[in-house]
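Participant: As a plain string of letters, each chain reads:
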Amino acid sequence: MKIAYLAYKNMVSKPLNLLLSLMLLMLSVSLVTFVLQLSQQIDEQLNKNIAPFDMVVGAKGSPLQLVLSSVLHIDNPTGNIKLKETEIIRNHPFVKTAIPISYGDNYKGYRILGTEPEYLNYYNAELAEGEMYDKSFEVVVGYNVSKTLKLKIGDSFVGSHGLVASEDDVHDEFPYTITGVLKQTGTVVDQLLVTKQESVWESHNHEGHDHEDGEEHNHGEGEHEHHDHEDGEEHNHDEEGHEHHDHEEGEEHNHDEERHEHHDHEDGEEHNHDEREHEHHNHQDGEEHDHGDEGHEHHDHDDGEEHGHDEDREITSLLVKFKNPLGMVQLPRFINENSNVQAALPGFEIQRLMNLFGSGVKTINGIALAILLVSALSIFISLLKTIRERRKELALLRTYGLRTGQVLLLVLLEGIFLALIGFVLGWLLGRIGLWGVSQYLQDSNGYQLRIIGPDMFELLFFGIIFVIAIIATLLASVSIFKLNVAKTLSDA
Amino acid sequence: MQLYLHVSCIIRSMIQTKDLTYAYDDSEQFSFPDINIKPGKHAIILGPSGIGKTTLLYLLAGLLQPNKGSVSIEGTELNSLSRSEIDRFRGENIGLVFQQYHFVKSLNVSDNLRLRQSFPKSSLDKTRRLELAERLGLSEHLSKKVTNLSQGQQQRLSIALGLIHKPKVILADEPTSNLDDKNCDKVIELLKEEAKICNSSLIIITHDYRVKSHFENQIIL
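Protein chains in written order, with numbering that gives the first Met the number 0: chain A, 0 to 491; chain B, 0 to 220.
Simulated from the structure, these hints should not be mistaken for laboratory data.
All C-beta atoms in this analysis are idealised placements derived from N, C-alpha and C, irrespective of residue type, glycine included.
Watch out, some of these pointers could steer you wrong.
As the list claims (entries may be wrong) - With a Cα cut of at most 30 angstroms, we get these calculated BS3-like pairs of lysine-lysine:
no., chain 1, residue 1, chain 2, residue 2
1, B, K143, B, K17
2, A, K481, B, K185
3, A, K83, B, K40
4, A, K481, B, K104
5, B, K120, A, K486
6, B, K125, A, K8
7, A, K391, B, K185
8, B, K67, A, K391
9, A, K481, B, K67
10, B, K125, B, K191
11, A, K391, B, K191
Stated by the list, open to error - Where chain A lies over chain B, by a calculated footprint (3+ residues, C-beta under 8 angstroms):
no., segment
12, 101-113
13, 116-126
14, 186-194
Just need the whole structure built from these sequences, with the hints factored in.
Facilitator: This is the structure we're talking about:
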């Protein structure tokens, strides 16, 4: 029989003590590993996602919100800006590239992002199969989107308005067709459906034409309630939807009586659609459009989807990469002071966010450390008690020929087993927690956390716990060194 | 060769003590008469309570170091060994049967026996274990927790633990103190029988004069 077996038997012979010590240790370990993994992975993921761009330009508002929405695609956009307002930025000598992006719709909660194919290059997103989108309403899908929604090339779908999944308010007259599926990048691109900007503009221009006479529409929540449409037309615009809706044509909409009358059609949608068609016909008459953006140049005018409101063209934001690091210093300030748009630095904003987050992490780690100390104390007390209770047994083992060192090893092994089991269970608990959060994030934001094996820090942390357990055990076993076998055995 | 063995048997003792003295403190000093027990021979050490019988047993087992004098077992001077060498020597050569029963409570009966077989050097002789359990009537209780054994079963297990590793010397401390006459005789017979099987010297330390008649070699303290 091995000493280890005896140590194990001794350990399990006091299940309640064992439970208490293990629970404390588990709690502490799971808390530390969970929080660290979470913060590390979020930090990592955020940095990976913001890395391609130095600056983002969008509507005035919270710079953090602008970064979250336009770079990380998790928050609502601050609003839209006019494409022409960004002209000066795009032509600035410090700017290497400036990629406009436009939001409008989602498909089952995944955002449809209108941008240039170059955007994908910044994330090293390569096509797994199929082709890059070329025309409006052609779309390439990110890895996770294609996996989750089981989309493949040739599939078509209709987006719904806004950025959260909803059954109503679908643009069913503008079906998107999938031309390509992207490889996994481990970045936000995995969560996106990427299309031409024109797709976004067109599907929302159409909405603009709903209110074609350019009335002032003000989508206040309350106001919707007195929309009394017999045909039950979709006017349930959620907030996010409004922002795009509002800005797509750059008009201030105010749902007044006129507006209602306009909607008083049995088949309002169809009707509006027709209007759009009319509009297109106008374009086919050979009107020339002056596109400020390069991306528009090879646009196919013949399909009649071009609209001549270039000055009014709106984008959600402009993602900028600098040629010269000086741009980082000068441009944001210049833009924020001299224009109606705002510039935000993703690196700076995310750093700010992580600092906030970091103090939370520190607090939780502090708590975990306190629990760890209590857990060490519990192991110490439990072993001390055990050794006192087992004095006679330990003395007996000495008469069997075990040396002091072997008896010490017996107690030490018990402490080590506790530490080992506590750590492993705690680590597993932490990972299960991480998995749970990952599931939640997957559902709510499409983000996924990696469940990985123990990393360097966790191994170090295990080492620390191991050492603490050994110290606690040794302190508890002092009496073994001065164990008087004869006296212990004769004491009644 | 045969002659040599014969001679060595005569001149060597299994246990020999000289001028053995032990003091717990100034007021409690014990001096013991010299003891000389030949291999395979048994002895009974008799004396009233408080005369230092258990102290003598611990001195013989090397669990206490004498203030003066020496103990040698089969020619090995215990004083000449280091603490851990004594532990090992005791583990291998001496079987202790305690007045109070000592077991490892987290192990069952069988594992307690296995544990005794494992130290100081492992000899997990299963046949020996089963035979001994059989003879001591413990066969049916091998998987029981030691705390669930009856008093008698605990006594028999205590004896089994003192014998299982076939020690050269069996030191039994008051093995009969809690027993009635019938069981007293039974336990003494059992010890003698097992000692014979293992070819061990059996030394019983007791104040129980019922045991006296079982042994020729008597040492009165």
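Participant: A separate judgement is required for each hint: does it hold in the structure or not?
Facilitator: Hints and how they fare:
Under the criterion of a C-alpha separation no larger than 30 angstroms, the hint pairing B:K143 with B:K17 is inconsistent with the structure, at around 44 angstroms. Between A:K481 and B:K185, the direct Cα distance comes to roughly 39 angstroms. Violation of the 30 angstroms bound is thereby established for this hinted pair. Only pairs whose Cα atoms come within 30 angstroms are accepted, and A:K83 paired with B:K40 is rejected, the gap being roughly 115 angstroms. With a C-alpha separation of about 22 angstroms, the suggested pair A:K481 and B:K104 falls inside the 30 angstroms cut-off, and the hint holds.
Using a Cα cut-off of 30 angstroms, the hinted pair B:K120 and A:K486 holds, with the two alpha carbons roughly 25 angstroms apart. Proximity of B:K125 to A:K8 is assessed by CA-CA distance (about 21 angstroms); at most 30 angstroms being required, the pair is judged to hold. Note on A:K391 and B:K185: the hinted pairing holds, with a Cα-Cα distance of about 28 angstroms set against a maximum of 30 angstroms. This hinted pair checks out: B:K67 and A:K391 have alpha carbons roughly 27 angstroms apart, not beyond 30 angstroms.
In summary, the hint linking A:K481 to B:K67 is supported, as the alpha carbons are separated by about 22 angstroms, within the 30 angstroms threshold. Taking the CA atoms of B:K125 and B:K191, the gap is near 22 angstroms; set against the 30 angstroms cutoff, the hint holds. Of the pairs offered as hints, the one joining A:K391 and B:K191 holds, with about 27 angstroms between alpha carbons and a cut-off of 30 angstroms not exceeded. Coverage of the segment 101-113 of chain B by chain A holds in this model, with 8 residues showing a Cβ closer than 8 angstroms to a Cβ of that chain against a need of three.
Evaluation of the coverage hint for the segment 116-126 of chain B: fulfilled, as 6 residues show C-beta separations to chain A shorter than 8 angstroms, against a requirement of three. Against chain A, the segment 186-194 of chain B contributes 0 residues with a C-beta closer than 8 angstroms to a partner C-beta. That does not satisfy the three-residue criterion, and the hint is violated.
Comparing the model with each numbered hint stated earlier shows that hints 1, 2, 3 and 14 do not hold.
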